[in-house]
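J.: Listed below, chain by chain, are the residues.
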Amino acid sequence: MTHLSISEERSDDPIVLKAVGEIDLASAPELETQLTSGLAAGSVVVNLTEVTFIDSTGLRVLLAAHEQATEQGHKLGLVVATGPVTKLLSITGVDGHLHLFDSVEAARSNV
Amino acid sequence: MSERPVGPFELRIPPDPKHLSTARLFISSLARVIGLDDLVDDLRLAVSEAVSAAILSGSAEEIVVVGAIAPDGLTVAVKPLAEGVRSDDRFDVGSIVSALFDGARYEDGGIVIPVAGSEA
Numbered sequence: 017m018t019h020l021s022i023s024e025e026r027s028d029d030p031i032v033l034k035a036v037g038e039i040d041l042a043s044a045p046e047l048e049t050q051l052t053s054g055l056a057a058g059s060v061v062v063n064l065t066e067v068t069f070i071d072s073t074g075l076r077v078l079l080a081a082h083e084q085a086t087e088q089g090h091k092l093g094l095v096v097a098t099g100p101v102t103k104l105l106s107i108t109g110v111d112g113h114l115h116l117f118d119s120v121e122a123a124r125s126n127v
Numbered sequence: 369m370s371e372r373p374v375g376p377f378e379l380r381i382p383p384d385p386k387h388l389s390t391a392r393l394f395i396s397s398l399a400r401v402i403g404l405d406d407l408v409d410d411l412r413l414a415v416s417e418a419v420s421a422a423i424l425s426g427s428a429e430e431i432v433v434v435g436a437i438a439p440d441g442l443t444v445a446v447k448p449l450a451e452g453v454r455s456d457d458r459f460d461v462g463s464i465v466s467a468l469f470d471g472a473r474y475e476d477g478g479i480v481i482p483v484a485g486s487e488a
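Chains E and L supply the protein sequences, listed in that same order.
If you want the numbering used here, it's the position in the first sequence, counting the first as 1, plus 16.
If you want the numbering used here, it's the position in the second sequence, counting the first as 1, plus 368.
Quick caveat, the hints were computed from the structure, so don't treat them as lab data.
These numbers were taken from a predicted model, which means no experiment stands behind them.
Even for Gly, the Cβ is constructed at its ideal location relative to N, Cα and C.
Heads up, a few of these hints could be off.
[Said to hold, decoys possible] Example chain E residues on the side facing chain L (calculated, C-beta under 8 Å, incomplete): (1) His19; (2) Glu38; (3) Ala42; (4) Phe69; (5) Ser72; (6) Leu75; (7) Pro100; (8) Ile107; (9) Thr108.
[As the list claims (entries may be wrong)] Pairs of lysine-lysine, DSS-like flavour, derived with a Cα cap of 30 Å: (10) L/Lys447 <-> E/Lys103; (11) E/Lys34 <-> L/Lys386; (12) L/Lys386 <-> E/Lys103.
All chains, please: the whole structure from these sequences, using the hints.
T.: Now the structure itself:
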């Protein structure tokens, strides 16, 4: 059982995924699977504004996906709001290495 | 003023990722009971990092999370956890926990996290 649900909000280009719940060692593989398959097709936006928890296991998945996107000539846009996601990005110092946006619209027009 | 619980409180879980959410719930409930509401998010992250690292070390048969209530806050311990687990990685558990709580250290076969309440 995991406490994370991932749904596809838009299936055009870029695909928009929405993650709701907690991203940890138990649920990160599910996010990884969705990101890997999404990025194989094109750029992806992930709405993380309703993520209530994330730790470094989740962050590793986001960074790996970011690298995968770059290698494939695509982009990964992350939509974040103030909360657990921005806190972790800030204490680990990786916020500057990812494409962060404050709305899905901003992310869609920039990836 | 309501009476503070005494403790120490202890959670024992098998080294399985599916129990991480239980560990977070355990520590956040304890923190709320003693009025450390402002620190709940940081504690959940610190405990999740420590328990994840203990699980990934592959050497634990059982993981123990202990919350010992002190007059000015809480001391949390997660074990077994040795320094250097996942240290090949860019996100070392010790550095994340230290960034959240000053004075976090490896001790007695685990990581010890002193949590001081601001108004305690």
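J.: Under 8 Å is the threshold here; is the Cβ of E/Ile107 close enough to any Cβ of chain L for the hint to stand?
T.: 4 Å, holds
J.: Please check whether E/Ala42 passes as an interface residue: C-beta within 8 Å of a C-beta belonging to chain L.
T.: Holds. Min distance 4 Å.
J.: What's the verdict on L/Lys386 and E/Lys103, does the C-alpha distance respect the 30 Å limit or exceed it?
T.: 24 Å, holds
J.: Measuring from the C-beta of E/Pro100 to each C-beta in chain L, is the shortest one below 8 Å?
T.: 6 Å, holds
J.: Within a Cα-Cα threshold of 30 Å, do L/Lys447 and E/Lys103 meet the stated pairing?
T.: 25 Å, holds
J.: Verify the interface restraint on E/Ser72: the C-beta must sit less than 8 Å from at least one C-beta of chain L.
T.: 4 Å, holds
J.: Would the hint linking E/Lys34 and L/Lys386 be met if the CA-CA limit is 30 Å?
T.: 22 Å, holds
J.: Any CB of chain L closer than 8 Å to the CB of E/Thr108?
T.: 6 Å, holds
J.: Against chain L, with CB atoms and a cut of 8 Å, does the hint on E/Leu75 hold up?
T.: 7 Å, holds
J.: Report holds or violated for the interface hint on E/Phe69, using the least CB-CB distance to chain L and a cut-off of 8 Å.
T.: 6 Å, holds
J.: Any CB of chain L closer than 8 Å to the CB of E/Glu38?
T.: Status holds, d = 6 Å.
J.: Grab the minimum C-beta distance from E/His19 to chain L and call the hint holds if it beats 8 Å, violated otherwise.
T.: 6 Å, holds
The structure is consistent with each of the numbered hints, conforming to all of them.
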